[in-house]
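Given the structure of chain A, go ahead and fit chains B and C onto it with the hints provided.
Residue strings, one per chain:
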Amino acid sequence: METINYLVDGLAAILTVKNLLLLSAGVLLGQIIGVMPGLGPTAGIAILLPLTFNADPTGAIIMLAAIYYGSMYGGTITAVLINTPGESATVATTFDGYPMAKKGRAGQALVIAAGASFMAGIVGAVLICVAAPLATRVTTSFGPPEIFLLVLAGLLTLVVIIDGSILLGLLSALLGFAIATVGLDVGTGAQRFTFGSPDLIGGIDFVPVAIGMFGVAEVLQALLRGEHRGPGSPVDSSGRLRDIWPNRQEVRESTGPAARGSVLGFFVGATPGAGATIASLMSYNLEKSISKEPERFGQGAPAGVAGPEAANNAAATGALVPMLSLGIPGSSSTAILLGAFLMWGLQPGPLLMEQNPEFAWGLIASMFLGNVMLLLINVFTIPVFASIAKVPLRYLATPIIVLATYGTYAINKSVLDVAVMLAAAVLGLFMRRFGMSCAALIIALVLGPLAEMSLRQTLIISDGSLGIFLERQASVVLLACLGAIFALPFAISRIRRRLSASSAKPSETDEPKLPTPLG
Amino acid sequence: MTSARTNVASARAEATFLGAMALVLAWYTWHGFQLAWSTPSSAIGPGLFPRSIGVAGLAMTLVLLARTLAGRATSGEDGAGANRHWLPLVAALVGVYVCFVMLFFVLGAFLATGLFSMGLLSVINPGRHLLNAVQSAGLAGILLLLFDGLLGTNFPSGMFLPF
Amino acid sequence: MTISLMKRVKVAIVALALVAAASACAVGEGSGNGDEGGDYPSQAMDWTIAFGPGGGNDRLSRQIVEILQQEDLYPEDIMLENREGGSGATGWGYLYSQKGSGYGIATTSGSFITTPLQADTGWTGADFTPVGSLVTEDSFFMVRGDSAFKTWADWVAYAKEKGTVTVGGTGLIQINFILQKLIASEAGYKIKYVPFNEDGQVQSALLSKSIDAMFAGPGEVLGQIEAGKMRALMFTGPEPLAQAPDIPTAESLGMAPLPSQPYGLVLPPDAPDSAKDWWIATMKKVVETPAWKKFIEQQGFSENVMWDAEFTTYLEQTTETFKRILTEEGAL
Chain A
1 METINYLVDG LAAILTVKNL LLLSAGVLLG QIIGVMPGLG PTAGIAILLP LTFNADPTGA
61 IIMLAAIYYG SMYGGTITAV LINTPGESAT VATTFDGYPM AKKGRAGQAL VIAAGASFMA
121 GIVGAVLICV AAPLATRVTT SFGPPEIFLL VLAGLLTLVV IIDGSILLGL LSALLGFAIA
181 TVGLDVGTGA QRFTFGSPDL IGGIDFVPVA IGMFGVAEVL QALLRGEHRG PGSPVDSSGR
241 LRDIWPNRQE VRESTGPAAR GSVLGFFVGA TPGAGATIAS LMSYNLEKSI SKEPERFGQG
301 APAGVAGPEA ANNAAATGAL VPMLSLGIPG SSSTAILLGA FLMWGLQPGP LLMEQNPEFA
361 WGLIASMFLG NVMLLLINVF TIPVFASIAK VPLRYLATPI IVLATYGTYA INKSVLDVAV
421 MLAAAVLGLF MRRFGMSCAA LIIALVLGPL AEMSLRQTLI ISDGSLGIFL ERQASVVLLA
481 CLGAIFALPF AISRIRRRLS ASSAKPSETD EPKLPTPLG
Chain B
1 MTSARTNVAS ARAEATFLGA MALVLAWYTW HGFQLAWSTP SSAIGPGLFP RSIGVAGLAM
61 TLVLLARTLA GRATSGEDGA GANRHWLPLV AALVGVYVCF VMLFFVLGAF LATGLFSMGL
121 LSVINPGRHL LNAVQSAGLA GILLLLFDGL LGTNFPSGMF LPF
Chain C
1 MTISLMKRVK VAIVALALVA AASACAVGEG SGNGDEGGDY PSQAMDWTIA FGPGGGNDRL
61 SRQIVEILQQ EDLYPEDIML ENREGGSGAT GWGYLYSQKG SGYGIATTSG SFITTPLQAD
121 TGWTGADFTP VGSLVTEDSF FMVRGDSAFK TWADWVAYAK EKGTVTVGGT GLIQINFILQ
181 KLIASEAGYK IKYVPFNEDG QVQSALLSKS IDAMFAGPGE VLGQIEAGKM RALMFTGPEP
241 LAQAPDIPTA ESLGMAPLPS QPYGLVLPPD APDSAKDWWI ATMKKVVETP AWKKFIEQQG
301 FSENVMWDAE FTTYLEQTTE TFKRILTEEG AL
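Quick note, the sequences are listed as chains A, B and C, same order. Heads up: the first sequence at position 239 corresponds to 239 in our numbering, and the numbers run straight through without jumps. Heads up: the second sequence at position 8 corresponds to 8 in our numbering, and the numbers run straight through without jumps. Heads up: the third sequence at position 96 corresponds to 96 in our numbering, and the numbers run straight through without jumps.
In isolation and in its complexed conformation, chain A is listed as follows (with noise of 0.2 Å):
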């Protein structure tokens, strides 16, 4: 209970109006930059870091957090507005939180992702509190084996996602894997389909191909259908600008999925690589797996928008822990937070929550604090953003696609990018035409490099054995709760069936209230 006390002081130190204004500034300025597509939370940090220098390290640590959460929230944003991920852990948002802009809801999708960071965010700052200590030890024994199962379990979201043809959508996916293996082969050095172009040496990167395929691809699709020949006033009255509280129902399916993501996401994100991303992506497929009614993921069910907004955001507070606890950094914005620590003198490790315990645990509950000031400004933010959904599409396909090209161009100043994104683009087009899911494709680039390298690490540590996956005691359990996730669905239906079968003759006007395991 001693670390809740220093949370606490943490928060009294913080609470001055100087610091709430630094919040509340970071918070909308992270907004902005999120919602450019192609830039999230590791450009924002990157691009404010030097505005901090002048600020005391406190107030920097504030604003870092403020901007940091404002940023992954500007992706959220745009993930549900316009289907485009701000950066990869953002991308299981758009399969259901799309969908339901879609459907005119796009407010409570806004809502209901704010609300499910915002629950992530108090579960985090508790569980640094209490779990910190277990989440070191994920840390400290996940090396490439165990790397590799998690990935593996991220993917098993292929299998979650992929509707329609199964061929058509393991064949995206191959796509995805095929472009991830484009570019220097870090475990040999060999180039691989560069075909001596320097600038394709770093591989084709996620975000211009998540812009292409998800945005400007959407925009597109659109448009040839003819969509732009709808209404033509460019505001749309029906519909008041309030309307954006969801109902007490997607309040309720809400918040089982907010509270697992939460734990779930904090867990995998202590663990150095793509915590974020993995986790979200788990998240979805947990709930998916564990829905009394899956046919609603990827038609707008909001448990398909809590879970994984819990998820990413509960990996970020998860990824501080080992910064903490080791100074390793686990996530690419944790890295800079870490080249901050340096600048300002302290020294990043072991010990820095005991040399510094005001600093450490000020970081924590600024980012608490970040959560609670996004949260607010949300209020009148939601609104204003949601509002954008209803204009016409003749009005706003522009805007889309310039801002793509605007966000692609921007992120390393690259023509090479901009045609990635057209080239994603069209493929998207394609794909779509043919049935095939984008969304595999996307999956599978994010993961495919990590899944490559831990395998091929792991087999390296191992002389070429499998073996190495029972040998050792975090990969066991891994693999069990693999197992688990994988059964689950199965066992999930089969237990719905019998429990209906028997309930059905007593009532057969009631919705089916079963209980559920987990929920």
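What the hints contain is simulated information worked out from the structure, not anything from laboratory work. Keep in mind that a hint or two might mislead.
Selected chain C positions facing chain A (in silico; Cβ < 10 Å) [unchecked claim]:
id : residue
1  : S97
2  : L117
3  : T164
4  : T166
5  : I173
6  : E220
7  : V221
Note that the coordinates shown come from a computational prediction; the quantities given were computed from them, not determined experimentally. Using N, Cα and C, we set each Cβ at its ideal position, and we do this for glycine too.
Okay, now just chains B and C, sitting in the frame of chain A:
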């Protein structure tokens, strides 16, 4: 009658797409086989994954192609598939976009964005010239302020305007 | 409906293409990068960091820029950009593409030498306009804090008995790999080298008992050493590090001198002399500031200052050394 004809057309389109995909994947697989599948120290080499991906992808594409040719069109987007001008329209959109990106470096971000926006709007929102002009200028201006001003992106400024 | 849409699109394409062609002609005449004359810093500086946030290049770049801004040395804006990918190939390739300009700049590290050795980057370090070498970073040989190895001799005894040990580091053709190979062949054991993408993953792999040892810069692991999570058995520098005076140097253990990670600063190829001279003069001031001295000490860097052509020669010599070692070890 008509639906039968569109079915044939869409099956043909699908077969062409899958055929193109098979060619690309065959090319990918061939290059994959140029890369060593294992390293001298007998670890996995750079070629193992590309080879496996290529072979599996090629096999799947060929199965799909065979099915389509056998008359069992797998699925397909309904509305878009029926549009006879789908392909030319996609090509046109790509062409306009490529021009936009070229102009970006010649005229600078502001002018290129304004022109592209005007051009696209005159097609998808015809007749409302004033509104379109205001929207285009506003879009170009706001994005310029945001990216050049706030984010310091330094877009190419072109040769006619200082920004 | 669709027909008319098609027609309008066609008109739009033709119009845009005409404008594009016209302006392309005009640009052909008016190109050339304007005022590269006497008053050199008159534009914003485009500063490339060829690696991700948090790494050595990143920390070094951000520190230099901070000093430049605090001392008001650069009158215009400086825009820092992480252009990561392909072990530095993306970022330094970007700088290479700014050929002739005096307004692009980047820090360089060991990968500036090793990346062109392994990949067809289209450039080598000597192509760029040198500003100077700034610091070198030596590293610690690290094992787990709970391992049985208390001294370097313990480790060598274990490695020799086992024959082949598993070690790891970032990348393959990198200074970490060179160091591991050198000490292994000198001590007489073999290694399996596991390449990783990021420093954090290597540390995590060591702590999770996936690898037995690694090399790491003082900035990354001094905290770990202090807390006892990891143990340093050897330091590659010629002198023991001030913050860890007890860790023996390689030379004191009877080994041949080991290479260190060289950090420097370069401009694009064929940058104007005015730009080069300005940066050399300015960096000479920067390396004298107290902030810089403090930074070097904090990071555990060693000063290694040399300017202009001397730096190019140094780069060429180091390239030859690395190439020789890598060829001898059969990695190239």
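Hints versus structure:
1. S97: holds, 9 Å
2. L117: holds, 9 Å
3. T164: For T164 of chain C, the interface hint holds, since the closest Cβ of chain A sits about 9 Å away, which is under 10 Å.
4. T166: holds, 6 Å
5. I173: Hint holds; I173 of chain C Cβ to chain A Cβ min 5 Å, cut 10 Å.
6. E220: With Cβ-Cβ at 7 Å, under 10 Å, it holds.
7. V221: holds, 8 Å
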